[in-house]
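*Asks:* With chain L fixed as given, assemble chain G onto it according to the hints.
Taken in order, these protein sequences are the chains called L and G. Read in our numbering, the first sequence has 83 at position 83, and its numbers run on one by one without any break. Read in our numbering, the second sequence has 66 at position 66, and its numbers run on one by one without any break.
Since the hints were made in silico from the structure, they are not lab data. Do not rely on the hints blindly, as some may be mistaken.
[To be verified] Lysine-lysine pairs mimicking DSSO-like chemistry, simulated, CA-CA at most 27 angstroms apart:
(1) Lys54/G x Lys27/L
(2) Lys217/G x Lys27/L
(3) Lys191/G x Lys143/G
(4) Lys217/G x Lys234/G
(5) Lys23/L x Lys122/L
(6) Lys217/G x Lys57/G
(7) Lys234/G x Lys122/L
(8) Lys231/L x Lys217/G
(9) Lys217/G x Lys122/L
(10) Lys143/G x Lys122/L
(11) Lys142/L x Lys23/L
(12) Lys143/G x Lys231/L
(13) Lys143/G x Lys238/L
(14) Lys191/G x Lys122/L
(15) Lys217/G x Lys238/L
Keep in mind it's a predicted model, so treat the numbers as computed, not measured.
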Amino acid sequence: MTATAAPSEERYRSGPRAAISAKTLRKDRWWAEPTITAAVLVSFIAYSTWAAFQNANYYVRPYLSPFYSPCIATVCLHARAGSHIYHAPDVGIVGPWWVISPAIIVLVVPLGFRMTCYYYRKAYYRSIWRSPSACAVAEPHKRYRGESRFPLIVQNVHRYFFYLGLLLNCILTWDAIESYHFASGWGMGFGSLMLTLNALFLWAYSLTCHSCRHIVGGRLKHFSRHPIRFKLWGYISKGNARHMQVAWVSLVFVALTDLYVRLVASGWVHDPRFF
Amino acid sequence: MSYDLTLRIWRGDANGGDFREYVVQAEEGQVVLDVVHRAQATVANDLAVRWNCKAGKCGSCSAEVNGYPRLMCMTRLSIFQPGETITITPLRTFPVIRDLVTDVSFNYERARQVPAFTPTAEQPRAPFTMFQPDVERSQEFRKCIECWLCQDTCHVIRDHEENKPAFAGPRFFIRYAELDMHPNDSLDRKKFVQDEQGLGYCNITKCCTDVCPEHIKITDNAIIPMKERVVDTKYDPIVRFLGRRKGTKA
Chain L
1 MTATAAPSEE RYRSGPRAAI SAKTLRKDRW WAEPTITAAV LVSFIAYSTW AAFQNANYYV
61 RPYLSPFYSP CIATVCLHAR AGSHIYHAPD VGIVGPWWVI SPAIIVLVVP LGFRMTCYYY
121 RKAYYRSIWR SPSACAVAEP HKRYRGESRF PLIVQNVHRY FFYLGLLLNC ILTWDAIESY
181 HFASGWGMGF GSLMLTLNAL FLWAYSLTCH SCRHIVGGRL KHFSRHPIRF KLWGYISKGN
241 ARHMQVAWVS LVFVALTDLY VRLVASGWVH DPRFF
Chain G
1 MSYDLTLRIW RGDANGGDFR EYVVQAEEGQ VVLDVVHRAQ ATVANDLAVR WNCKAGKCGS
61 CSAEVNGYPR LMCMTRLSIF QPGETITITP LRTFPVIRDL VTDVSFNYER ARQVPAFTPT
121 AEQPRAPFTM FQPDVERSQE FRKCIECWLC QDTCHVIRDH EENKPAFAGP RFFIRYAELD
181 MHPNDSLDRK KFVQDEQGLG YCNITKCCTD VCPEHIKITD NAIIPMKERV VDTKYDPIVR
241 FLGRRKGTKA
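The shape of chain G in the complex, shown without the other chains:
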């Protein structure tokens, strides 16, 4: 069954822009990306939108739908009220290039700063022998598709552009957690992630977890464990006094 749907899409670039309304035909079972494509094909041929897999695995079509960060390809039209106008904007944390396309190079700058996996002397080269319980913990973080929705929704940089030089963001905290929990990694990144990457800026309000399309428990399984590991080494004199720092590598 098809019906008319009103889309309100932000159109513009770095010099400014505004919302424009388009009425497009939508079909039952479609997702937001489908109707954006319909708009592009019929009434807004020059609409810029980034997309690729249409299956929630490439992380390209991130946008804000009715003000909430989402993958357009994974947002069903059925979650909206019949007759509701759907507002679509680009990610608000990053500089706009045009229409729904933003410049997310901040994230790639941050990615370059992550100290690489450094194998232990015991197993200097792959293939590494690892037990399943050890593998599972970091496998959760490997599900990340780098859609940058967590980075977009994080108020530390969303509401405070000035914090960008000091704060890496939740996507990279799960990367640091993954490496720090890896049994065959020998590099201690805790001081670096606290002092240079701004782990302390996070006030664990869990928006990153709320918007993650891969349902990674970013806050509970990565950020809070990293904060606790930092406490082990920086703020817990008892642990230091007892010489239990080795415990994190146990």
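Next comes chain L alone, as it looks inside the complex:
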């Protein structure tokens, strides 16, 4: 590398800063956004943990909760009862030795995808880790190395979770199609609508992701030599500008979809049929 040699550390410290003791002089409600973000994130984590470990009421034909799909353990075979033969999730890949909730097996993918997502990183670094809580608000930590060292350097695996997330989206799309397949034949219930919207929101979340944007075209030096990839990159870039909104909508909706399936499966709610 032909760069000028890095100067000594002393050259970066040419004198003391202005002696201002206040951690921040901001007068606006800078705390509102991180507080709301933390509340929603913690609520989702609490609900999804409860739902994942409950190991019951996640299937009622033809609906399978997205938290339990694909249901690949023998322990979830009861989900097959009454289900259609083509119901993709009903495969006993993980044997009977798996005795806890089967949701734990698959939730690592969406969890990893969202935990390493560039938007959610901003959200929880600001709201939970307070690093920083808001712009120009002093953070409480004495040292900071960011994502340059273990463990946070692991955030660089995001694109692998993106690949796995695409696979999961295909399965959830299949679940959405299957949700129109009732015991009495093809039809549409409110749950079908929920599962379909859930799949669409998850696709939107994946396809507006920063890694997707990079892989499709962002890594190119010459857009002009790759007109199709450039076009696709342009579309994804437009969606990427709304990635935050899509991330929240898809997060809340996947929890609502699970809740709906759970309410129908437990008999609390009667699933209305459109046809």
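*Replies:* Structure of chain G alone, referenced to chain L:
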């Protein structure tokens, strides 16, 4: 319509300082820099303030207004509540020289370290033939006026002075991105920007983007793409195995 406005300005130098209050006359439609000049002309003749164009294009009048990094010349008084006291401090990330003037030479040290544009063998000299889609991507980064607000707000060095030797800052990450995305540049700076310039320190909390007066999407269009390019070359064995590294130059 004119009215009385209370300014609370930090006055001092490297040996210490404190806030002082000044009441000045403000006019409807004015910006913060106007009333700072009014204070300088009427009640604080020795107030040190750096400014030049008064049009948001030179990046000189950067300061923190009510704790938020802003260009004083682009901050309208109308965004504040009537009767509100406006607090003005120097940039807190850099050493103070006097009053609102700071020593931003850290940034020039960092600028010197950026490996220069290195043209390809195909087009060794300007003028370069470039297509508009390729030009547009780096043109966004060329809007930077070097006001250093992004550097000031970045918590990596704002809250951790000890990180300055390891971290170049968002302004320079857009420079590295600009060069790395340039079709006629042949130098690979990815390892350098990750290992020597501290790209990994950034935790993408987007404050740099929030304060940029030129509305450059620093995080989404420069830092995250650079992080992904580093992943291509450093952390993605599949891409390496498939020999697709050439793809970044495609």
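*Asks:* Each hint: holds or not?
*Replies:* How the hints compare with the structure:
1. Lys54/G x Lys27/L: Holds, because 25 angstroms separates the two Cα atoms, which is no more than 27 angstroms.
2. Lys217/G x Lys27/L: With a Cα-Cα distance of about 25 angstroms, the restraint between Lys217/G and Lys27/L holds, given a limit of 27 angstroms.
3. Lys191/G x Lys143/G: Cα-Cα ~26 angstroms, so holds.
4. Lys217/G x Lys234/G: holds, 25 angstroms
5. Lys23/L x Lys122/L: Distance of about 21 angstroms is within 27 angstroms: holds.
6. Lys217/G x Lys57/G: holds, 17 angstroms
7. Lys234/G x Lys122/L: Within the cut-off at roughly 23 angstroms; holds.
8. Lys231/L x Lys217/G: Since the Cα atoms of Lys231/L and Lys217/G sit roughly 20 angstroms apart, the hinted pair holds (cutoff 27 angstroms).
9. Lys217/G x Lys122/L: holds, 15 angstroms
10. Lys143/G x Lys122/L: holds, 25 angstroms
11. Lys142/L x Lys23/L: holds, 14 angstroms
12. Lys143/G x Lys231/L: It holds: about 24 angstroms lies between the C-alpha atoms, which stays within 27 angstroms.
13. Lys143/G x Lys238/L: holds, 21 angstroms
14. Lys191/G x Lys122/L: Roughly 24 angstroms separates the two Cα atoms, so the pair holds.
15. Lys217/G x Lys238/L: holds, 13 angstroms
Comparing the model with each earlier hint shows no violations; every hint is respected.
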